[in-house]
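Just so you know, the protein sequences line up as chains A and B, in that order. Counting along the first sequence from 1, when you hit position 3 you're at 3 in UniProt numbering, and nothing is skipped either side. Counting along the second sequence from 1, when you hit position 118 you're at 118 in UniProt numbering, and nothing is skipped either side.
The hints are simulated quantities; they were obtained by calculation from the structure and are not laboratory data. We treat Cβ as the ideally placed atom computed from N, Cα and C, and that holds for glycine. A hint or two may mislead.
[Unchecked claim] Some chain B residues near chain A, calculated using beta-carbon distances under 8 Å:
# : residue
1 : G90
2 : R92
3 : P96
4 : G130
5 : I145
6 : L170
[Said to hold, decoys possible] Computed Cβ-Cβ distance ranges for the label pairs, DEER-style:
#  : chain 1 : residue 1 : chain 2 : residue 2 : range
7  : B       : Q9        : A       : E167      : 46 to 54 Å
8  : B       : A189      : A       : E69       : 24 to 32 Å
9  : B       : R163      : A       : V64       : 54 to 62 Å
10 : B       : A189      : A       : E141      : 15 to 23 Å
11 : B       : R18       : A       : Q199      : 38 to 46 Å
12 : A       : P179      : B       : H83       : 15 to 23 Å
13 : B       : G50       : A       : R102      : 31 to 39 Å
14 : B       : G157      : A       : D139      : 45 to 53 Å
15 : A       : E208      : B       : D46       : 51 to 59 Å
16 : A       : L19       : B       : Q159      : 42 to 50 Å
17 : A       : V64       : B       : S152      : 48 to 56 Å
18 : B       : H83       : A       : A148      : 29 to 37 Å
19 : A       : D35       : B       : A12       : 51 to 59 Å
20 : B       : S152      : A       : E141      : 17 to 25 Å
Given next are the chains, with one letter for each unit.
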Amino acid sequence: MGSAEGIPVTGGFLEQLELAERREDLQSVAEALRDRFKVDHLVYHWVSANGEQYGCGTYDPVWVERYLEKGYLRIDPVIQGCFQRFHPVDWKRLDWSSKAARAFQWDAIAHGVGNQGYSIPIRGPNGQFALFTVNHSCDDEAWAEFTALTRRDMILIAHYFNQKALELEPGRRPEPAQPLSPREIEAMTLLAVGYSRAQVAETLSISEHTLRVYIESARFKLGAMNTTHAVARALSRGLIVV
Amino acid sequence: MIRYIYADQLDAFPLLKRSMFTDRADQFRTRLGWDVAVDAQGEERDEYDGMNPLYVIWERPDGRHGGSMRLLPTVGRCMVNDHFLHLTGGVRIESPLIWECTRFCLSRETGPGAAAALMLAGGEVMQAFGVAHYVGVFDARMVRIYKRIGASPEVLGSQGEGRERVSVGLWEFSAGAHARVSSSAGISAAMSRGWFEAAFGAGEVRVPVAA
């Protein structure tokens with residue numbers, strides 16, 4: 001398992017994600033992400049308000065087929081524990097105590113699903129619900145270390161992945177991307193010309209804490225993993241000019 | 001004790017639920033004079049309560065509400081971005097790593113540690129769920145209370161005067177603040193952790209590994 005820190009700004013999976021034009025392209029992004037995180041599986045699963053399901057990821061297709069056929073959606077503690085929620089969930093925190101849940105779990109493991117999981121629920125527009133999961137086989141200690149290290153990266157990636165999936169949903173217009181506000185543009189511009197955070201904060205007459213929140217927000221709107229990446233994206237999209 | 005309850009789970013706690021919404025009416029309409037909607041049962045709710053927020057609630061020994069706050073992700077609709085952009089420098093604060101904290105409420109009869117207990121719980125949420133910042137909406141009186149318990153937000157902007165003064169502010173988690181707030185609340189880190197695990201699972205249930 002590894003961290004997504006140090007992802008190159010170009011040639012990475014985010015670029016691959018941005019270039020995806022069809023749902024099938026998301027499958028290869030999921031595979032690339034699994035390799036990046038060095039985990040056994042990475043899965044994206046969405047349920048729309050009218051119950052339509054869509055998913056992609058690296059589970060054995062035999063398991064996916066079986067999951068649907070058995071109607072495991074109604075038993076799976078991960079779905080039960082994440083639906084209508086917005087906090088990330090370590091599978092160990094879920095209730096696996098019922099007989100049905102235990103049987104489901106043994107079946108999953110027999111089909112190559114790892115014993116550890118971390119799922120990020122996402123509430124999209126119009127009742128859309130999605131789940132982004134990384135899954136692996138290892139001991140609790142190694143898993144705790146991995147999730148502590150990569151949690152925030154995974155939360156961001158999960159949301160970027162979902163935004164793309166929404167864009168690619170047949171017949172649906174994507175939500176308009178939130179443009180940067182003038183204040184965020186000023187902050188990104190000053191960072192782009194090499195100001196330190198302290199200098200940017202001073203120039204904009206705001207505290208460094210406020211600046212951190214502005215940058216965090218701009219980073220998300222730009223679909224970036226870190227500040228350098230966000231600045232590069234703002235430049236390449238012509239949102240800032242230096 | 002502190003409870004962490006999503007709106008769709010509130011029905012399991014009828015007394016806590018009812019007393020939370022009536023205490024909110026008492027604080028926001030009666031005491032602060034805010035223009036909030038109070039129903040025939042004397043309960044205050046707004047549209048964000050309908051978006052299945054996560055409530056962090058201080059429950060008194062008699063099972064009634066002693067204080068609470070309401071958490072929502074900023075990536076969906078939320079109060080700060082819908083109504084307070086003029087207090088955030090025009091910046092729509094939006095990130096899965098920033099959650100919104102609103103309707104911070106203390107009941108009239110609550111004990112002195114309630115506000116600190118809620119802030120301590122806010123820290124548990126940040127630490128466990130990868131939340132880097134809260135952006136909050138709060139009344140003028142809270143500025144003093146937050147300061148007293150050692151968890152002062154950074155105020156981004158304020159509007160109104162006197163009782164009607166409303167501010168938007170930011171918090172981030174630091175180990176130092178956590179320790180200060182723990183001490184103000186008179187609640188040990190272990191006890192706070194225990195309440196959190198009662199709500200979200202202990203994370204120690206062993207998942208069997210395939211043979």
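Hint check against the structure, violated hint numbers in rising order: Hints 5, 7, 8, 11, 15, 19 and 20 are the ones this structure does not satisfy, whereas the remaining hints hold.
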